[in-house]
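Novice: One letter stands for each residue in the lines below.
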Amino acid sequence: MAVQDHQRTAVVTGGEGSIGQAVARLLLARGVRVVSADLAPAHRRLPAGDAENFSYTGYDAQDPESARATVAAAGERIDYLVLAAGIYPARGFADISEDEWQGCLEINLTAVYRMINAALPRLAPDASIVLVSSIAGLRGSKGHAHYAASKAGLLGLMRSLMWELGGQRRINAVSPGIIDNPMTRPLREAAGDTILRSTPLGRYGTADEVAAVIGFLCSPAASFIHGENISINGGFYVN
Amino acid sequence: MSTENHRQPLGAVITGGRSGIGRACAEALLGRGHRVAVLDLPDGPGTATGSGTQGRFLQLGCDVSDREAVAEALATVHDRWGGFDVLINSAGIARPGPSQTLPAQDWELMVNVHLSGTMWACQAAFPALSASGRAAIVNLSSVAGRMGMPHRASYNAAKAGIEGLTRSLAVEWAPHGIRCNAVAPGYVETSFTEALAEAGQLDKRPIIQRTPLRRFARPAEIAEAILFLASPAASFVTGHTLVADGGLTVDGAWYG
Chain A
1 MAVQDHQRTA
11 VVTGGEGSIG
21 QAVARLLLAR
31 GVRVVSADLA
41 PAHRRLPAGD
51 AENFSYTGYD
61 AQDPESARAT
71 VAAAGERIDY
81 LVLAAGIYPA
91 RGFADISEDE
101 WQGCLEINLT
111 AVYRMINAAL
121 PRLAPDASIV
131 LVSSIAGLRG
141 SKGHAHYAAS
151 KAGLLGLMRS
161 LMWELGGQRR
171 INAVSPGIID
181 NPMTRPLREA
191 AGDTILRSTP
201 LGRYGTADEV
211 AAVIGFLCSP
221 AASFIHGENI
231 SINGGFYVN
Chain C
1 MSTENHRQPL
11 GAVITGGRSG
21 IGRACAEALL
31 GRGHRVAVLD
41 LPDGPGTATG
51 SGTQGRFLQL
61 GCDVSDREAV
71 AEALATVHDR
81 WGGFDVLINS
91 AGIARPGPSQ
101 TLPAQDWELM
111 VNVHLSGTMW
121 ACQAAFPALS
131 ASGRAAIVNL
141 SSVAGRMGMP
151 HRASYNAAKA
161 GIEGLTRSLA
171 VEWAPHGIRC
181 NAVAPGYVET
191 SFTEALAEAG
201 QLDKRPIIQR
211 TPLRRFARPA
221 EIAEAILFLA
231 SPAASFVTGH
241 TLVADGGLTV
251 DGAWYG
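In order, the protein sequence lines correspond to chains A and C. First residue of the first sequence? That's 1 in the numbering used here, and the numbers climb one at a time after it. First residue of the second sequence? That's 1 in the numbering used here, and the numbers climb one at a time after it.
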């Protein structure tokens with residue numbers, strides 16, 4: 001019999017961002033204990049039952065020690081590891097400085113290596129890791145070369161690591177398209193309706209819709225899905 | 001589990017629903033209180049699953065490669081239920097053989113059942129699906145749709161074709177409130193693969209060796225992936241082929 005969700009623990013980096021918060025809400029509703037790791041706590045109110053299962057821990061993706069502290073805060077066993085911390089810098093390629101490039105790669109890619117590396121000894125035998133890649137990691141993104149490279153890098157990491165996790169541990173990714181959240185506001189404002197016109201579903205996605213897919217990957221329903229990258233883009237990528 | 005989000009659907013139509021993956025989908029949906037109509041060959045293998053489902057189960061004999069028969073069967077479902085909002089195209093057969101001597105009838109049968117059958121069912125389902133306003137199609141591809149495999153040319157081509165069809169319908173029918181996705185299973189323990197293994201046409205050991213999860217899937221695991229895509233949990237997912245293969249197609253093992 002599978003371990004029940006109320007006995008499980010999830011670590012969500014970027015847990016105070018829009019997607020991270022949506023993931024935390026969804027997992028808490030299933031009874032999962034959630035450790036949210038982020039630079040600063042967001043102001044929010046959780047239902048009483050959920051508040052007991054929720055904790056926040058300070059997490060700095062640019063601090064190598066921070067990953068170890070974060071997994072220690074989770075306790076002995078981690079069942080779900082959702083790595084949603086990331087930044088979305090916009091800069092034409094010619095103007096990306098060495099520092100900006102390194103910073104983006106460190107936060108979006110190297111920090112994921114550090115988190116998984118630190119979590120390995122604590123991963124449950126059927127643990128599920130979910131990386132948050134992006135449509136930019138598949139198609140590229142004009143004016144976001146460093147971001148796109150970091151998100152594509154996550155997929156290479158996933159496809160290699162899947163052979164080394166062992167047991168029934170799984171690693172997968174999601175690649176959101178354009179989600180209606182603060183991170184994409186500048187892009188949406190600059191794009192006018194051009195993105196919506198090439199999105200078959202005719203709308204932006206929501207953080208809850210991304211969380212719903214992550215929640216599926218962090219469930220026994222996805223028990224044979226390993227090394228997969230699920231696009232959540234309303235058909236944008238297809239068109 | 002994503003099924004917490006399952007809205008009560010008008011009903012699901014499942015082609016090839018009497019055995020294997022289609023049957024697992026039918027059982028899971030019936031178990032969750034949904035209505036299920038199964039289209040399958042009138043005298044094919046497998047058994048019906050609908051006992052104790054209080055009129056929520058329909059079974060119609062139908063060859064999916066026969067466009068008129070599919071239209072008639074789906075019209076019957078539409079009449080009986082007043083509509084349906086999920087279509088799962090899982091009818092499939094196997095006719096492996098060396099390409100240099102593959103008989104025309106084997107090639108045509110494979111393409112007709114898998115690719116044309118999927119198209120005819122989608123086409124016949126369009127009126128009901130578009131009327132529902134929030135419908136989902138899930139087609140069955142296969143890891144064979146993405147990998148080269150000896151003696152499987154017709155199957156590979158038909159499955160790759162299904163992924164192309166899936167992307168086109170996703171884009172074309174999104175404005176009609178229809179999402180269209182596919183699941184590409186790896187190797188699954190079904191009567192289909194067991195028969196191939198018994199006939200000496202499928203060696204399970206090297207496949208398990210090349211699968212990071214080191215096993216075949218259970219039909220129920222593939223059904224869960226299909227039902228996820230059919231559910232509101234996948235409301236912004238369309239045109240995607242979800243690979244459920246235990247990691248088989250990523251295949252980094254050749255390296256070390």
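Simulated from the structure, these hints should not be mistaken for laboratory data. Check before you lean on any hint, since a few could be wrong.
As the list claims (entries may be wrong) - In silico contact screen, one side only, chain A against chain C (beta carbon under 8 Å); selected entries:
id, residue
1, 90
2, 106
3, 222
4, 223
5, 234
It should be emphasised that the depicted structure is a prediction, and the values quoted were computed from it without experimental measurement. By construction, the Cβ of each residue, glycine as well, lies at the ideal position given by its N, Cα and C atoms.
Novice: Check each numbered hint against the structure and report the violated ones by number, ascending.
Specialist: 1 and 2
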